[in-house]
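Enquirer: Could you build the full structure based on these sequences and the hints that come with them?
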Amino acid sequence: MAELIFYTNPMSRGQIARWMLEETGAPYEQRLVEYGDAMKGPEYRAVNPMGKVPAIVHEGRTVTECAAICAYLAEAFPEAELAPAADERADYYRWLFFAAGPLEQAITNRSMGWEAPADKQRMVGYGQFELAVGVLADWLADRDYVCGTRFTAADVYVGAQVDWGLSFGSLPANPAFEAYAGRLRERAAYSRAKAIDNELIAAAQAANADA
Numbered sequence: 001m002a003e004l005i006f007y008t009n010p011m012s013r014g015q016i017a018r019w020m021l022e023e024t025g026a027p028y029e030q031r032l033v034e035y036g037d038a039m040k041g042p043e044y045r046a047v048n049p050m051g052k053v054p055a056i057v058h059e060g061r062t063v064t065e066c067a068a069i070c071a072y073l074a075e076a077f078p079e080a081e082l083a084p085a086a087d088e089r090a091d092y093y094r095w096l097f098f099a100a101g102p103l104e105q106a107i108t109n110r111s112m113g114w115e116a117p118a119d120k121q122r123m124v125g126y127g128q129f130e131l132a133v134g135v136l137a138d139w140l141a142d143r144d145y146v147c148g149t150r151f152t153a154a155d156v157y158v159g160a161q162v163d164w165g166l167s168f169g170s171l172p173a174n175p176a177f178e179a180y181a182g183r184l185r186e187r188a189a190y191s192r193a194k195a196i197d198n199e200l201i202a203a204a205q206a207a208n209a210d211a
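Residue numbers for the sequence shown follow the numbering used here, beginning at 1 and rising by one.
Hints are computed from structural coordinates only; laboratory data are not their basis. This structure is a prediction, so every number in the text was calculated from the model and none was measured. Where hints are given, some of them may not hold.
To be verified - Straight-line Cα separation of at most 25 Å, SDA-like style, residue types lysine to any residue; simulated pairs:
1. Lys194 with Gly169
2. Lys52 with Ser167
3. Lys52 with Arg110
4. Lys52 with Ala206
5. Lys52 with Leu32
6. Lys52 with Gln30
7. Lys40 with Met50
8. Lys52 with Met11
9. Lys194 with Gly182
10. Lys52 with Gly36
11. Lys194 with Ala209
12. Lys194 with Gln205
13. Lys52 with Arg192
14. Lys52 with Met39
15. Lys194 with Thr149
16. Lys40 with Ala207
17. Lys52 with Ala68
18. Lys194 with Phe77
19. Lys52 with Tyr72
20. Lys52 with Ala189
21. Lys194 with Ala173
22. Lys52 with Asn198
23. Lys52 with Gly165
24. Lys194 with Ala176
25. Lys120 with Ser170
26. Lys194 with Pro27
27. Lys40 with Thr108
28. Lys52 with Leu4
29. Lys120 with Leu131
30. Lys40 with Ala100
31. Lys52 with Thr64
32. Lys52 with Ser111
Expert: Structural data, given as structure tokens:
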């Protein structure tokens, strides 16, 4: 068995995990999981009982959830220098979990057409969409990356949220987000990961067209 197995579907959040894998430079075995019976079936549920991708199995241990995968891989492959230095830890963990919690919740709820009433905003983890988005934009306005001048694994997850949000309109375009996403899109690992997933998507679309 390969030391590092990557379960994914190219049309999923697996794109985030692949980007992180490419940033580490570690070799991995890709296993594509189709939506439907394969993803919800017993074989894959033995890997992730939630029946969703991505997941990784590294040296026999399973990690799910994109933010956790990013943080885990940064520590598992320290030579890539993607884990936080001592003086970066506060910003690293703060914004990694902010993006995985309040920000994603705010974006998902807005995309589904749901907003917390003013008198219920204390019950949700982000208050209101504009607040969550504005807080992140303000943080990035005068920084190259989440932790300042150095790219870390937190930028893979936070950056994927921003990159996706700008591309599909779930985040408002503003100078801070546009500049941040522009820096990330110039990374070689980002380009490699996108090329792999785009090729897989094109192949799947061609196969469906021929079916």
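Enquirer: Now tell me if each hint is right for this structure.
Expert: Now the hints, each set against the structure:
no., hint, in the structure
1, Lys194 with Gly169, "holds (19 Å)"
2, Lys52 with Ser167, "holds (23 Å)"
3, Lys52 with Arg110, "holds (22 Å)"
4, Lys52 with Ala206, "holds (24 Å)"
5, Lys52 with Leu32, "holds (12 Å)"
6, Lys52 with Gln30, "holds (15 Å)"
7, Lys40 with Met50, "holds (8 Å)"
8, Lys52 with Met11, "holds (12 Å)"
9, Lys194 with Gly182, "holds (15 Å)"
10, Lys52 with Gly36, "holds (10 Å)"
11, Lys194 with Ala209, "holds (22 Å)"
12, Lys194 with Gln205, "holds (16 Å)"
13, Lys52 with Arg192, "holds (23 Å)"
14, Lys52 with Met39, "holds (6 Å)"
15, Lys194 with Thr149, "holds (24 Å)"
16, Lys40 with Ala207, "holds (22 Å)"
17, Lys52 with Ala68, "holds (15 Å)"
18, Lys194 with Phe77, "holds (21 Å)"
19, Lys52 with Tyr72, "holds (18 Å)"
20, Lys52 with Ala189, "holds (24 Å)"
21, Lys194 with Ala173, "holds (21 Å)"
22, Lys52 with Asn198, "holds (20 Å)"
23, Lys52 with Gly165, "holds (21 Å)"
24, Lys194 with Ala176, "holds (23 Å)"
25, Lys120 with Ser170, "holds (23 Å)"
26, Lys194 with Pro27, "holds (17 Å)"
27, Lys40 with Thr108, "holds (22 Å)"
28, Lys52 with Leu4, "holds (18 Å)"
29, Lys120 with Leu131, "holds (15 Å)"
30, Lys40 with Ala100, "holds (23 Å)"
31, Lys52 with Thr64, "holds (9 Å)"
32, Lys52 with Ser111, "holds (20 Å)"
This entry satisfies every hint, going by the numbered hints stated previously.
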